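Using the hints, build the complex out of the two chains.
The primary structure of each chain is shown beneath.
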Amino acid sequence: MIDFCGLGSSLNTLHTPTGIFYDEQNQDLYISNNGASTVLKWRVGAPNGTIVAGIMGSIGFSQNQLNDSTGITVDPWKNLYVNDRANNRIQLFCYGNLTGITIAGQGSGGAAFSNSYAIQLDSRQNLYVAEYNRARVLKFNKL
Amino acid sequence: MIYAGTGTSGSALNELKNPTGLYMDLNDNLYITDQGNCRIMTYAYNANSGTMVAGTGICGANLTQLSSVSRYLYVDSARNIYVNDLNNYRVMRWASGNSIGTIVAGDGTSGSALSQINYPYGLWVDSNSNIFVAESSNHRVTKWVSGSSAGIIVAGTGTSSMYILKVNN
Chain E
1414 MIDFCGLGSS LNTLHTPTGI FYDEQNQDLY ISNNGASTVL KWRVGAPNGT IVAGIMGSIG
1474 FSQNQLNDST GITVDPWKNL YVNDRANNRI QLFCYGNLTG ITIAGQGSGG AAFSNSYAIQ
1534 LDSRQNLYVA EYNRARVLKF NKL
Chain A
5 MIYAGTGTSG SALNELKNPT GLYMDLNDNL YITDQGNCRI MTYAYNANSG TMVAGTGICG
65 ANLTQLSSVS RYLYVDSARN IYVNDLNNYR VMRWASGNSI GTIVAGDGTS GSALSQINYP
125 YGLWVDSNSN IFVAESSNHR VTKWVSGSSA GIIVAGTGTS SMYILKVNN
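Line by line, the protein sequences give chains E and A. All the letters of the first sequence, read from the start, carry residue numbers 1414 to 1556 under our numbering. All the letters of the second sequence, read from the start, carry residue numbers 5 to 173 under our numbering.
Nothing false has been slipped in among the hints.
List of simulated lysine to aspartate or glutamate pairs, EDC-like, C-alpha gap at most 16 Å: (1) E:Lys1555 - A:Asp32; (2) E:Lys1454 - E:Asp1488; (3) E:Lys1552 - A:Asp32; (4) E:Lys1555 - E:Asp1535.
Keep in mind that the hints were calculated from the coordinates and are not lab data. Nothing here was measured: the structure is a model prediction, and the numbers come from that model.
Next up, chain A with everything else stripped away, as it sits in the complex (with noise of 0.2 Å):
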């Protein structure tokens, strides 16, 4: 059965646009990364429309809004919402009720070194405020102490594969 959105995209508080995250509270409130309208919406359990608790629905890089590209997201028990948006190389963190994010993973550019994040996915946040992320493109788990400015390497190397190369002549 459709549980969020229409099946047709729209900008209206029912309707979604290219969701691209799912994240589900211990009261199971559903927290939707609604990509395609750069915004987050949250629906309770059973609801029929959502409501808008993060981004503006213009997609943007100030810190109130989402860029055209976010990923996966995670919702701690005090209802903060954070969010891996992609095309802003950051990881949002949104206090609860408040319309003004603050950056708490990457530094706003692409890269490879430890303050960065590239193309990232998975996201999750411990009981510490400690913040898990999955680079794609880095080929790596990063996490981010509360507070800090620079990933620690969890899982991966940073280098993706070792390429088997069999010559035969």
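The following block holds chain E by itself, in its conformation from the complex (with noise of 0.2 Å):
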């Protein structure tokens, strides 16, 4: 019997990598890492990242955990927020702090997103989303 156990990707490969924030500053590259259900910090040319959200290699829906990452932003403060697209949510990850907050989408009293792909903040902060299936982008302004 051979078990298969999990999904590999250690901290200097990528396993389908979706969204990417540049901090050109610091030469960090933030990365939705969705096949190992991570995002990384890398700086370019390092040979490895750094775990900045979500367990390699493990799908879940605590604030921990990612599903399927796609679009990811980065505001001023170094805080990520990262489209948990299969979740239909979207997390806040304080800088520094691996457990996220859900700011839209299910789980935060509103309602889950149908297959959004992508996300940003504008000047204020103020929180984008794209819904694929809905034809839409939707404003969730901070409060």
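Okay, here's the thing in structure tokens:
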């Protein structure tokens, strides 16, 4: 009997990367490492990255897990926003914290998203979410 | 609240169809990869409808067009638009106001050579016009120095994983 243990992916590999954000001043790439259920911060050209969200190889709905992360963005204070697509929610990971907060979508008290791919922030940190299946972009005002 | 699109798929200037990418520029203009309409739309802040700024609304592979599958986009400070044109295996750049784009990454074929891109999602352009492409099917992020015909791997190895197999007898 052969057991397949996890998706694999060590910190020097990527597994199906999707969204990226580049902090040019610090030469840090933030990479939505979809296939390993993590978001990595990876200095350009460095041999490996470090996990800034998610648990490697662990798909789930708890506040420290992701499921099919796609678009990401980072605000000026290095807080990380993740489009957690199969969980139909947007997760905020405050700088240095691996436990996320659901700020929109399923689990936030609002409606779950339907196949969201992309997120962005405007200059006031209002959040925008593109919903593929519903042909629209939603805006969530920052409180 | 609904900010762009109506919630019903369509091709009018206030409608979207299967949007896949967003980019907010420094002036809060929102750019949208309107994948199902093979076009890029831009919405001024709080506008009721958008303007088509790249693509034609008809899918294709010529330099004015996007394929039927396109992903994230980036807009630089001069309002040049970069788009991951996934099924044409290329990154396109439309200079601000120009309807004809140029290919700035990828050779139009699918593969893992450094001249090729494969299933690109994420896209970023730095202040020196270097392009970063997250290639989901090549498990890497490549950097394309402006004007270059090949990328340099800056994250990942190009191989996805290190499988751990446990054999129980």
